[in-house]
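**Student:** Chains A and B, in that order, are what the protein sequence lines are.
Reminder that position 204 of the first sequence reads as 204 in the working numbering, one-by-one numbering, no gaps.
Reminder that position 77 of the second sequence reads as 77 in the working numbering, one-by-one numbering, no gaps.
The hints are simulated quantities; they were obtained by calculation from the structure and are not laboratory data.
Remember, it's a predicted structure, so these values are computed and weren't measured experimentally.
Any given hint could turn out to be false.
Stated by the list, open to error - Chain A side only, calculated, beta carbon under 8 Å to chain B, not exhaustive:
1. 10
2. 23
3. 28
4. 31
5. 34
6. 37
7. 79
8. 125
9. 310
Said to hold, decoys possible - Only pairs whose alpha carbons sit at most 30 Å apart, straight line, appear in this in silico DSS-like list of lysine-lysine:
10. A/197 x A/49
11. A/181 x A/41
12. B/13 x A/293
13. A/252 x A/181
14. A/283 x B/72
15. A/41 x A/3
16. A/390 x A/359
17. A/293 x A/252
18. B/72 x A/197
19. A/10 x A/249
20. A/390 x A/293
21. B/13 x A/10
22. B/72 x A/10
23. A/359 x A/3
24. A/359 x A/249
By construction, the Cβ of each residue, glycine as well, lies at the ideal position given by its N, Cα and C atoms.
So you can see what is in the structure, the chains are spelled out below.
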Amino acid sequence: MSKSIVRALKCRECGQEYEIAPVHVCEFCFGPLEVVYDYEKLEGAFDRKLIESRPQTMWRYRELLPIDGEPTVGAQNGFTPLVRAVNLEQALGVSELYVKNDSVCHPTLSFKDRVVSVALSKAVEFGYQTVACASTGNLAGSVAANAAAAGLSSYVFIPHDLEQGKVLGAAVYGTDIIGIKGNYDDVNRLCSEIAGKYDWAFVNVNVRPFYAEGSKSYGFEMMEQLGWRAPRYVVVPMASGSLCTKIHKSIKEFVQLGLVEDVQTRVYGAQATGCSPIAASVKQGTDLIRPVKPDTIAKSLAIGNPADGYYANRVLRETEGWAEDVSDDEIVAAMRLLAETEGIFTETAGGVTLGVAKKLIEQGRIPRNESIAVCITGNGLKTQEAIQGKVAEPRIIGPSLDEFDALAEADQARLAA
Amino acid sequence: MSVTVRIPTPLRKLTDGADEVSVEAASVGEMIDNLDNAHSGLRERLCDEAGEIRRFVNIYVNDEDVRFLQGKDTPLADGDQVSIVPAIAGGVR
């Protein structure tokens, strides 16, 4: 096993470097800290063959993830399918479309298992026994599950009005689950205060720089599974905006290390119209993010004051991508479209991403004849409320062949008509 | 024109521990200058080399972010409440 190439934490604003520690904000200018690496140490020691020889988990790219030793939490996480979506291609009128399907990520069915695996492995390295998070749902479930498996205690903080599937999907792991009367931004603000007072590893507060790096594995896998190439266009859901910056970073790293060719990938961001502060800034041609009060069924994306909004905005503009937003009805329609064409049941956030991809294709912003990757990051079974009453109910009949024959006959007659 | 400025914990070292200070100023820019005169070193914490308010420093005048007013040119009136609040990185995805 090769040595860690992590160099330091570096302020994204003023460039000040800090030793590796559970800190996330620059003491001097309050900018966010990011993990930086000495890539030249990998020269000749990290190639496609080595990666391919390793188990199919997110940790096959471990040199580019910021832990020192072996992963102690979530060693099996990641490596989800990349699906060539032929039926969806036909439905959208495009020639090459892929779905990177983290709705089946081990163990809690969202891409959060990637970031949590890194955050908790790092928390163990730092010596923490209790881990915590502020969450819109998926993160709570992932922290709870991965902490349980690692023998860590956990506290998860969520808005009090989340979907039942998200609440149960965290509580079942025996975590301390706390509902806050307020929206995610209120939960997040409270968690910053709690993190300052209690000696816990808050995955998206004091260990956020490490946590966020876990998202790169989503991009790494996508490129390896595409046959070691980057997609020309990639559509990413945005809440805080972090995922979009990390997918971009993953592509830059693979290009720098010579693992893929630089195809000038354009990154597109997707939000729900009821919570679209980043998309609004891109459309208005500014880098100022004006916070909003979220009102959307896409609760996992309902962050009105996005921490990485500025950096997401910059990635979208620098790569000559764009951002769009879709209504609640468009979200549900896109969830159904993905289910009916590809057999993939994604949560509302996936509806946002596919809905926006469709819109961008129709607008001509994404051309129809080049490779497009759509980032599906969560599972529809957790947000059933969103489609309740909008899909077919079972037709109830008695356990009798006669009754079924009558039903089948009626169906055939309707088809013939 | 005297305004009250709330100082966040990480900057109180520069204000001898005070969590609130009063300054004379007719605009946010002037407020920063006068704060720095009284408490040397505050300006470089609040503003970058170009003199612009740092991206992760939020300044609110009566609860409105000055970025959405007139930035450093935002006028101040007697009795205005100004808060300096570091944006704390949070959130997910």
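**Student:** Run every hint past the structure and note whether it holds.
**Tutor:** Each hint tested on the structure:
1. 10: violated, 14 Å
2. 23: Violated, because the Cβ-Cβ distance from residue 23 of chain A to chain B comes to roughly 11 Å (cut-off 8 Å).
3. 28: holds, 7 Å
4. 31: holds, 5 Å
5. 34: violated, 10 Å
6. 37: Violated - the Cβ of residue 37 of chain A stays beyond 8 Å from chain B, reaching only about 20 Å at its closest.
7. 79: violated, 20 Å
8. 125: violated, 21 Å
9. 310: holds, 6 Å
10. A/197 x A/49: violated, 46 Å
11. A/181 x A/41: violated, 48 Å
12. B/13 x A/293: Not satisfied, since the Cα-Cα distance of roughly 34 Å exceeds 30 Å.
13. A/252 x A/181: violated, 40 Å
14. A/283 x B/72: Judged against 30 Å, a Cα distance of about 25 Å means the pair holds.
15. A/41 x A/3: holds, 9 Å
16. A/390 x A/359: Measuring from Cα to Cα gives roughly 21 Å; hence the hint holds.
17. A/293 x A/252: It is violated: about 34 Å lies between the C-alpha atoms, which goes past 30 Å.
18. B/72 x A/197: violated, 33 Å
19. A/10 x A/249: Holds: residue 10 of chain A and residue 249 of chain A sit about 15 Å apart, inside 30 Å.
20. A/390 x A/293: holds, 26 Å
21. B/13 x A/10: It holds: about 23 Å lies between the C-alpha atoms, which stays within 30 Å.
22. B/72 x A/10: holds, 28 Å
23. A/359 x A/3: violated, 45 Å
24. A/359 x A/249: holds, 25 Å
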